[in-house]
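> Under the working numbering, think of the first position of the sequence shown as 1, with each following residue one higher.
The hints are simulated quantities; they were obtained by calculation from the structure and are not laboratory data.
A few of these clues could be false.
[What the hints assert, rightly or not] Pair ranges (Cβ atoms, derived):
1. Leu126 / Thr45: 13 to 23 Å
2. Pro123 / Leu67: 15 to 25 Å
3. Asp149 / Val70: 29 to 39 Å
4. Cys134 / Arg41: 15 to 25 Å
5. Ala89 / Arg48: 29 to 39 Å
6. Gly90 / Arg137: 15 to 25 Å
7. Pro42 / Asp149: 26 to 36 Å
8. Val114 / Asp150: 12 to 22 Å
9. Pro123 / Ser55: 28 to 38 Å
Positions of the beta carbon are idealized from the N, C-alpha and C atoms, including for glycine.
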Amino acid sequence: MIALRAVAALVLALTPCAVSSAASSAEITQHTYPVGEWPLRPTPTVVRRFDPPSSPWGAGHRGVDLLSSVGQHVRTALPGRVRFAGMLAGRGVLVVDHGATRTTYEPLTALVTVGDRVTAGEPIGLLQLGGSHCWPRACLHWGWIRNTDDVYLDPLLLVGQGPVRLLPWLGRSPSSDVSAMLMPWDELAGRPAAVGP
Numbered sequence: 001m002i003a004l005r006a007v008a009a010l011v012l013a014l015t016p017c018a019v020s021s022a023a024s025s026a027e028i029t030q031h032t033y034p035v036g037e038w039p040l041r042p043t044p045t046v047v048r049r050f051d052p053p054s055s056p057w058g059a060g061h062r063g064v065d066l067l068s069s070v071g072q073h074v075r076t077a078l079p080g081r082v083r084f085a086g087m088l089a090g091r092g093v094l095v096v097d098h099g100a101t102r103t104t105y106e107p108l109t110a111l112v113t114v115g116d117r118v119t120a121g122e123p124i125g126l127l128q129l130g131g132s133h134c135w136p137r138a139c140l141h142w143g144w145i146r147n148t149d150d151v152y153l154d155p156l157l158l159v160g161q162g163p164v165r166l167l168p169w170l171g172r173s174p175s176s177d178v179s180a181m182l183m184p185w186d187e188l189a190g191r192p193a194a195v196g197p
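All chains should be modelled from the sequences, with the hints used to inform the complete structure.
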C-alpha cells in the first residue's frame with residue numbers, strides 16, 4: 001500500500017495540471033499550465049529545446065525551435081489578443097497576450113494586426129527564412145513568458161511535452177518517505193533537462 005501511494009505521489013508531482021487560458025497571473029505558477037496547441041501542423045520536430053538562462057542577462061535559449069518550411073502557417077498556441085506584430089531586429093515577430101502570459105513567434109510575416117483577438121490554433125502568420133535560428137533551414141522560434149515578472153517558461157509545457165526527470169533512487173527502500181526523494185517542482189521547471197528530439 002505504501003509503495004502504491006509513493007507511485008501515485010510521484011505521478012501527481014510530475015504531471016502539470018490544466019487550467020483555463022483565462023487564468024489570472026497568480027494561477028500561472030510552476031504547478032499549473034494552460035492546455036494549448038502546437039503552433040505548427042503537423043506536430044513539428046523540436047530542433048532545440050528550452051534552456052533558460054541562470055540570470056536575466058545570461059546565455060541560454062528562451063524558447064524552443066521547431067523545424068518547419070518557409071511559408072508554413074504559424075498558429076497561436078492559446079486564445080488571446082495580438083500585442084505586437086512587426087519587425088524586430090530584422091525579423092518578423094508576433095506576440096499574443098493571454099492575460100497571465102504571452103507567447104512569441106518568429107520569424108514570420110503576420111496575418112493579423114495589433115489588437116486582433118485570436119483563437120487557439122488560428123493562423124497568425126507565415127514562416128519566413130530570414131532570422132531563422134536553424135539557418136539555413138527554416139524553423140519557428142516559439143516562446144512563452146509570464147507577464148507578472150517577465151520570466152520565460154518552457155512553451156512545450158503547453159502541449160504536454162515539457163521536461164521529464166527520472167529521480168535517483170538514493171538507495172532507499174520503497175517504504176521510505178517519497179517526499180524526500182521528490183525534486184521541488186520549481187527546480188524542475190526552472191532548469192529542465194533536455195529529453196527526446
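> May I ask which of the numbered hints given earlier this structure violates, with the numbers listed in increasing order?
Going through the list in order, the structure violates hint 5 alone and respects the others.
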